[in-house]
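Work out the full structure: start from the sequences and follow the hints.
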Amino acid sequence: MPAVSKGDGMRGLAVFISDIRNCKSKEAEVKRINKELANIRSKFKGDKALDGYSKKKYVCKLLFIFLLGHDIDFGHMEAVNLLSSNKYTEKQIGYLFISVLVNSNSDLIRLINNGLKNDLNSRNPTFMNLALHCIANVGSREMAEAFASQIPSILVAGDTMDSVKQSAALCLLRLNRTCPDLVPMGEWTARVVHLLNDQHLGVVTSATSLITTLAQKSPEDFKTSIALAVARLSRIVTSASIDLQDYTYYFVAAPWLSVKLLRLLQCYTPPEDAALRSRLTECLETILNKAQEPPKSKKVQHSNAKNAVLFEAIALIIHYDSEPTLLVRACNQLGQFLQHRETNLRYLALESMCTLASSEFSHEAVKTHIDTVINALKTERDVSVRQRAVDLLYAMCDRSNSKQIVAEMLSYLENADYSIREEIVLKVAILAEKYAVDYTWYVDTILNLIRMAGDYVSEEVWYRVIQIVINRDDVQGYAAKTVFEALQAPACHENLVKVGGYILGEFGNLIAGDSRSSPLVQFDLLHSKFHLCSVPTRALLLSAYIKFINLFPEVKATIQEVLRSDSQLRNADVELQQRAIEYLRLSCIASTDILATVLEEMPPFPERESSILAKLKRKKGPGNVPDIDDARWNVNGNGNAEQSESAEGTNKFSPSLMADLLPTNRPRPASSSPTMLSAGTMGSAHPFTDLLNLNSSPSAGASLLVDVLSDSSTPASADVSEENFSRFVCKNNGVIFENQLLQIGLKSEYRQNLGRIYVFFGNKTSAQFLSFSSSVTSSDTLKTQLNVHTKPVDPTVEGGAQLQQILNIECLSDFTDAPVLDIQFRYGGALQNIAVKLPVMLNKFFQPTEMASQDFFQRWKQLGVPQQEVQTIFKAKHPMDTDVTNAKILGFGVALLDGVDPSPANFVGAGVIHTKNTQVGCLLRLEPNTQALMYRLTLRTSRESVSQRLCDLLSDQF
Amino acid sequence: MMRFLLLFSRQGKLRLQKWFTPVTDREKKKVIRDVTMLVLARPPRSCNFLHWRDLKVVYKRYASLYFCTGLENQDNELLTLEVLHRYVELLDKYFGNVCELDIIFNFEKAYFILDEFLMGGEVLETSKVAVSVSVEEADTLQETMEEYMSKPAY
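Read top to bottom, the protein sequences are chains A and B. Heads up: the first sequence runs through residues 1 to 958, numbered per the UniProt record's numbering. Heads up: the second sequence runs through residues 1 to 154, numbered per the UniProt record's numbering.
Incorrect hints may appear among the rest.
For lysine-lysine, the following BS3-like pairs were computed, each having C-alpha atoms within a straight-line distance of at most 30 angstroms [stated by the list, open to error]:
#1 A:LYS296 <-> B:LYS93
#2 B:LYS13 <-> A:LYS26
#3 A:LYS290 <-> B:LYS128
#4 A:LYS481 <-> A:LYS556
#5 A:LYS26 <-> B:LYS29
#6 B:LYS60 <-> A:LYS299
The set of hints was computed from the structure by calculation and includes no laboratory data. Predicted, not measured: the structure shown is a model, and the values here were computed from it.
Encoded structure:
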């Protein structure tokens, strides 16, 4: 039934369409279509030339058939004929057919391009628009090659009609997206920017889209657009809604243009020009203010358009991440939306807050909404909203709320939608690991995950819990006990059997003392699950059994019995059979020693990026993992020069090569490095060690000798103990020296360039120390750099008593040496002489400095003179644990800057050294390479000596 | 930028498809099937946005027809709802109280109107007046009703 006919209807087409609609079955439809196709084919092939109208009608029918989902392999030539016609209606259909049924036949493309060329040159705006639409719709490489150079000139020519300019701008945008190499930048680019000033808002809108795309690729070339965009935006937001006439949409002034301008500004950092910046801030404030005004219309279109602009403004504020007031206002606004009755707004508020959570300025503000978000998780009817709530909880999680968030996510998991369970499992596992203070909590959480959603616990998750248990001996006993208990449930998930088998196989001995979990009980428990498990799990259990034989000789016979049974030795599965045979033989012929060696406890796993985090990234795509470390880098598509630079830097660092080239850092015998021991020459020792390319300062070997010496009662040993010196680089309190007689403890506090150390002398004997004296000596150089005032102490220290001495320290300028504390006393008639190097280092006078990534990179660049940078690459001496490293860097005195480095594995810090004469800013970056077990440390400060000293101090800590 | 726009009925019948980036026919069919199933399965009064693959899907139902589009990650969902609405308004203005049948029988017109409004996945002209004028202008270049009635019916 033909429904209308406005303008040009095609009666034959309408009849055909209603025929198709009247078909009762799929077969009837196909039959009708085949009949029509045969008819059209014969018409096209026929001797009689078709008139334009018939051609148009048949081409349209073909199009309809194609859109029904049938293949069409002819008619292109007729369509090309149509688009070359002078009649508008024919041209239009011809272009439509070509746009929908793109064909890569090159002869055909040549003909089409010819038609396009004629139309582009026709100076008829309607025809030009049709041609531009076709190029944009097809957008193939051949077309781009033919027209990419012509379109820019159409766009910027003075006499081009507005509507053609609009099409030309978007057509160019489309070509730039598919074949950027073919769109030449040139003189026209500057003129495109000026289209932002155009009278016609439609032209400005299209031009803004184009400029945004181009600016993402080459920001420098379009920098001038910032000022124009701000000016334009400001005029729109301050205009009365009627000013813009037809560009006002439901009482909102030009929402499309506003959003596009705000989007364009997101390609850049905040404007440097103060006036411009404040004008933009005003705009953003006005937009935020408008959100509080009563709506001008009750229509949803009004509120959508208004809020669309608001959300885009918030996106810009988040992107800038530099105005704390705006960020907090944005956060409050989103907070209001979290409770809005419109589901769409709640959804978007949750989504935006995710990005806001990673800003240092608004992280806390976001956290205040935790209850609302948890409530959303429980009450939202729509799964996609609940999913955003999960994302936000994940993003806002930190040490302070991790337990609550993990608990809420776990309880949500029990009735969560199947589609998002795996993701929640991953997120819980990551959070539990990241924020575990106490690893028993971590183990509990993961076992809960397996219990509640075992099917969704991927291999990565249970591998990870095993890695962590193996690497942390403080949790092994607890883990063994917990899995043992969990396995007692009548039905437990196979993943739990795997974790249980592995952990009991390694650490079952830790709970074997209890008769309720004696070796035999453990074995029986595991073996009761055996027959219900899949082959890989059974294989794992067999390995656990052989480990049991090593751990518990008393169950050897039982296990051998099991291994020997036909169901094992003659198992149809080759892997299981082989394991059973080999393990049985091994247990029979190997001696206890050999068994113990072969079946030794697994060595710790090397630290590497958490496999589950990698999995989550894979799952969501790199840009979509909200927070925690690196989301902000990915959100901003436009790379900032420094980011990519530093990222490249990381890649260039080839650790394995370095490892081979560098001499290793083994502690050398004390005797071979006498410079290490002589008092007050620490500083001068450095050129020597540097010459040898050894980046460690005092070696641990030296202290051995000191211990030996101070233990002996021979008097007047002037060797300076620096055994514990380097331990104090990152901490202020602790024991600096101890021998059989005396213990010296320190408590220190520093503020700016001043410090105070409380020294506690503990007499470990029951007899008195007589003629006790303690004084501080410094080298001559050091005296000009550091003032140390000591207060005299009581000459007698009773047995078992403690004596306190206060040292006041003032830092005058940067220094390398350390003062030495000289202690003398008589014990049992012999004179004791002890010298301890005082842990007063340059880094003690740090004040941490928080800064945004942008500021950091700006300063980093400013400190670009080669002498200002010191870099060292060294082997890790301790396990590479992220939390420990974090703590050390904080202890070193700088602020740890999250989210600055593009790689989340790296550490970045900033601080200022305060001395009486000057202040020295310092930036540092530490890049661990967990595969090679190496670090690269880079420091930049305005002073060479400071960079070097800090580098020496810190590089010894890892 | 919009990647595609689909119009389909409550029964899942596709009424209009527009692709703003090159997509193979095979992939098109897959996208159409997945997205229609996803959207049709949504309970009423759900929110109008979804994440699907790396895209944001924004959809809205008008009477018996779903208008549904796939957006890139940085695009503004709320404003896209208004893009869909503006398209409905334009169809309405042209057909006068548009219904699904209008779009079935005049699919080519639906495409032409869309072309006046969107290009390359971006909004070309946001003024309703300007779009309507150019659509009307195009119509005046076409035949009259009398001409239409005198055309052969097969």
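Hint by hint, here is what the structure shows:
Restraint check for LYS296 (chain A) and LYS93 (chain B): satisfied, since their Cα atoms lie roughly 24 angstroms apart, inside the 30 angstroms limit. A C-alpha spacing of about 13 angstroms is found between LYS13 (chain B) and LYS26 (chain A), which places the hinted pair at or below 30 angstroms, so the restraint holds. This hinted pair checks out: LYS290 (chain A) and LYS128 (chain B) have alpha carbons roughly 25 angstroms apart, not beyond 30 angstroms. In summary, the hint linking LYS481 (chain A) to LYS556 (chain A) is supported, as the alpha carbons are separated by about 22 angstroms, within the 30 angstroms threshold.
A distance of roughly 18 angstroms separates the Cα atoms of LYS26 (chain A) and LYS29 (chain B); the hinted pair therefore holds under the 30 angstroms criterion. The straight-line distance between the Cα atoms of LYS60 (chain B) and LYS299 (chain A) is roughly 16 angstroms, inside the 30 angstroms bound, and the hint therefore holds.
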